[in-house]
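Enquirer: Residues per chain are reported as follows:
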Amino acid sequence: MSKPNDLVQGTLGILILKMLALESMNGWSISHRLRQVSADALQVSHGSLYPALHKLEHDGLISAEWRTTENNRRAKFYSLSRSGRSYLRSETVDWVRLSSAITAVLRLSEV
Amino acid sequence: MAIDRFWQVARLRLRALLRRQSVERDLDDEMRYHLESEAAFRVERGETPAAARRGALRDFGSVELHKDYARDARGTRVVDGLVRDVRFALRSLRRAPAFTVVVVVTLALGIGANTAVFSMIDAVLLHPLPVAHPAGLVSITEAITDQLPLQPLAYPTYRAFAERARSFSGIAAFATQDAIVATTTGAAEQLQTAAVSGSYFPVLGLHAQVGRLLAPSDDDVPGAHPVVVLSDALWASAFHRSTSAVGATIKIGNNPYTVVGVAPRGFRGTLLTQAPRLWVPATMLADIGLGGFLSAANRPRLFGLRYFHYWRVVGRLRDERASARAAAELNSIFAQEKAKAPAKSASSMGFAGRPVRDPVGLMPVNEAAGLSDRAALVRFVSILAGVVALTLLIACLNVANLFLIRAGERSLEIGLRSSLGASRARIAQQLGVEVLLLGLAGAVGGLFVGQAGVHLLASFTLPGAISLADIPFNLNARVLVATMALGILTAVVFGLWPAIRTSRTSLIASLRDTQPRSGVDTRTLLLGGEVALSIILLVGAGLFVRTVQAGLRSDLGFDPAPLAAVRVNPALGGFKGLELSNYYRFATERAAQLPGVSGVALATHVPLAGFGTLPFVAGDKAATSEASVDDQVNAGWVYISPNYFDVLRVPIVEGRAFTPGDTARALSTAIVNQAAARALFPDGHAVGRQMVHAGSMRFTIVGVVRDTKYASVQDRNVPMVFTPITPDFSDDVHFIVRSTRPAAALEQLRHALTAVPPHPPIREARLVADQVNLTLEPQRFGATLVGTYSLLALLIASVGVYGLVAYIVAKQQREIGIRIALGARPGQVIELVAVRIALAVGAGVLVGLVAASLASRAMDSFLYGVTRTDIPAFAAAAAAMILAALAACVIPARRALTLDPVRAMRLE
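These protein sequence lines are chains A and B, in that order.
One point on numbering: in my numbering, the residue at position 89 of the first sequence is 93, and numbering is uninterrupted.
One point on numbering: in my numbering, the residue at position 117 of the second sequence is 155, and numbering is uninterrupted.
One should not assume that every hint holds.
Stated by the list, open to error - Partial pick of chain A residues on the chain B-facing surface, computed with a CB cut under 8 Å:
| # | residue |
| --- | --- |
| 1 | G31 |
| 2 | D63 |
| 3 | E74 |
| 4 | R77 |
| 5 | A79 |
It should be emphasised that the hints constitute simulated quantities derived from the structure, not laboratory data.
Since the structure is predicted, the reported quantities are computational estimates derived from the model, not experimental observations.
Glycine included, each C-beta is placed from N, C-alpha and C at the ideal position.
Let the hints inform the model, and build the full structure from the sequences given.
Expert: Shown next, in the form of structure tokens:
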């Protein structure tokens with residue numbers, strides 16, 4: 005069995021980091037918010053969300069802590085770490101450069 | 039990686055490894071929170087709670103799968119799996135305690151026994167020395183004649199070598215002997231002392247731990263430098279390791295010596311069988327009280343004597359690889375020296391045999407070891423090595439067989455697991471862990487067994503009277519690693535190979551496989567091998583036991599039981615002449631008055647204690663010419679008091695015993711035994727004839743005594759020459775008493791002999807009967823060791839038989855059940871099982887007997903009174919094996935007979 009691969013490999017990580025750069029969130033909120041902001045275009049399978057989260061945590065790019073939510077539930081909240089912030093910055097620059105290059109190429113072929 | 043990030047990562051990995059449960063709980067919580075939040079969200083959107091919950095779950099997919107992915111992300115997957123495998127393996131081993139215990143114990147015994155014995159062999163044969171660069175050190179010896187190889191050197195020879203040999207960076211000489219030593223704190227005791235040349239410590243490259251060692255300037259003028267270096271042991275016992283020992287004065291042989299330093303810890307000289315406690319300059323040798331070796335007239339000329347082969351010599355080669363060239367150089371120096379001095383033939387000096395070409399030889403200093411017969415020692419330890427190696431082999435075969443049988447029993451379980459989706463690699467890893475655990479447990483057990491073995495070995499004696507208690511050795515790390523590796527390798531190979539093979543079989547096949555198929559042949563073969571090897575050991579043990587029995591039964595020519603002997607040397611205390619003869623007279627009187635004692639005799643040798651031989655020539659032949667070597671009769675030479683044969687009850691068959699008149703005229707009369715009389719005078723009559731030793735010592739034979747065993751129990755008719763002990767005899771002497779209560783007499787004799795001035799210390803005290811045992815000591819060692827191992831092998835092989843029978847019964851339950859249900863008689867049921875076992879054991883016994891008859895060739899020189907094809911030993915081995923195999927069959931066979939057919943069928 006292979007792992008679900010519904011987003012371009014590696015991009016889910018950047019999306020999560022970006023999300024966490026705004027505020028710290030728990031796993032469900034991240035998936036919910038992803039769907040919202042992308043208007044359901046980015047349907048993140050939960051099967052890839054949690055592994056991605058745990059991978060980022062174990063790589064030290066995000067940190068996690070257990071907090072109590074408003075309805076008194078124990079939930080794991082993730083937030084961006086310092087190295088995660090600088091990683092996000094460099095990855096964003098890379099992504100923008102790459103995606104604009106691809107877009108330019110795609111426009112070319114349309115002509 | 040930023041430092042805080044590094045810490046976070048490290049902390050998480052550690053937590054994932056060490057706090058697995060809490061990490062898993064967190065994972066559960068997180069998943070549950072997600073599902074609840076999603077459900078709540080869906081309810082808000084208007085779904086019913088039940089539908090919301092279902093939707094959330096459907097959306098999420100398999101919770102377990104997610105957890106698995108999350109675990110992957112932790113990056114500790116492999117270790118996690120390992121930990122699980124270890125737990126699983128421990129559980130499954132606990133369910134098979136008999137299997138586990140037998141495998142671990144078998145491995146532990148095999149590994150431990152091998153380690154102990156090979157460590158001993160390493161210490162004895164390789165004898166590592168705690169000196170600088172031992173590889174460059176050689177021992178220099180001289181072959182005086184072809185019959186006297188590897189002898190020590192005379193002092194002038196050593197000096198010539200030391201001054202002129204260019205191939206060596208240094209040459210040193212040493213001689214060990216016992217001296218009476220009195221430290222300031224302790225009483226006088228007899229200690230082994232080495233007189234060493236000034237070059238000795240520099241050549242060995244040693245440095246003092248306190249003070250200094252001896253230097254060439256300590257060794258220039260005879261008698262001028264009374265200085266001494268202490269061994270670590272003596273420093274500890276006499277000075278409690280106080281540095282004030284340096285500068286202290288101790289007495290050696292009544293002369294004061296100044297302590298200048300302490301030798302390095304662990305240094306006990308370069309000889310295996312000797313351990314000097316103190317070192318003095320070589321030029322002080324005469325001063326420390328040389329016994330009867332030298333006449334008073336010769337003592338001042340000690341260092342000029344060309345035929346006084348007393349000095350062991352070691353040299354350090356400039357070039358380790360050029361030992362042949364170095365030997366050639368020494369031989370040419372030796373020849374030049376010989377040409378200078380007036381030639382004396384070896385036989386005129388009393389040496390047996392012919393001169394040899396290039397008599398000077400070199401050998402690695404650790405091999406010299408001071409052993410007269412290294413070959414016998416090597417042969418003997420080779421037997422021991424073979425025995426323990428065989429035991430390890432048997433142990434390995436048994437472990438292999440047990441694993442095969444277990445694999446057969448588990449084929450169903452493994453088939454089931456593989457059909458449930460476990461990959462072959464996964465199953466192999468899990469079984470590998472189990473096998474490795476067993477191997478490790480066996481290895482650790484082996485460590486303990488080995489340690490115990492080292493202690494046990496210390497109580498034994500090797501040929502050449504090498505008591506293992508005198509040789510410090512411990513478990514050798516290299517040997518330990520090698521045997522452990524072998525044991526674990528066996529476990530892995532034989533544990534994994536069948537496991538991997540079974541994991542290939544499908545569930546269907548393993549469910550269907552009720553009939554033992556292939557693999558069974560391997561099991562039978564392994565069992566046969568075990569049996570055959572065990573037979574070899576059993577035969578070996580039998581032959582040693584029979585030798586000891588024959589030795590104990592053998593006719594010695596005299597009865598040793600009532601005899602006790604104590605050895606003293608009153609001359610070591612500095613006594614001379616009349617003082618000595620007074621000592622012998624008063625000590626003898628005291629000994630004679632002890633209760634139960636009916637006779638006291640003196641002799642330089644106790645029967646059966648072993649000794650060297652010297653050449654004698656019949657008088658008429660000696661007169662004709664320079665007697666040829668072929669005319670020499672090599673005989674043991676013992677100095678005795680006139681009543682010696684009375685006390686031992688050895689009859690004089692011709693002529694007479696010594697009289698006080700013979701005693702006064704030293705070295706003019708002799709008594710010979712029948713063997714010597716026959717060898718010297720083939721025409722029959724010896725009494726009244728003359729014989730000559732060393733060209734000029736002429737003896738008139740006054741009597742012939744009956745042959746007795748003298749050198750050892752094994753010897754046959756060794757020629758013996760007896761001469762009278764002189765009243766002022768100044769060497770080691772045994773007081774031998776005949777008593778109705780020899781054990782008590784031995785104790786009383788010790789006291790009596792030390793009570794008379796000069797109160798000489800007891801050098802040795804023993805019952806002569808014990809000496810019989812002592813000469814059989816190597817055989818007894820062999821019997822004990824081989825016997826223990828052969829019993830072990832027997833036990834192991836029985837376990838093998840038991841395992842195989844139990845396996846066959848279990849596999850054939852259904853068939854047996856059907857047959858019993860159809861009215862089969864017990865005999866027929868047993869036949870079903872027994873044929874293969876009988877085949878394995880029978881073939882194993884036969885092969886083993888043939889192999890043993892070949893292997894026993896190696897033991898030939900240690901056997902006495904039995905041939906190496908001794909029928910009783912072989913028959914006993916076969917009988918023991920067959921009986922043990924039968925006994926091992928009983929329990930599983932009974933189970934087969936009492937099998938309930940209905941239950942057996944239902945089991946499937």
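Enquirer: Hint by hint, work out which the structure violates, then give me just those numbers in ascending order.
Expert: Hint check: 3 fails alone, others pass.
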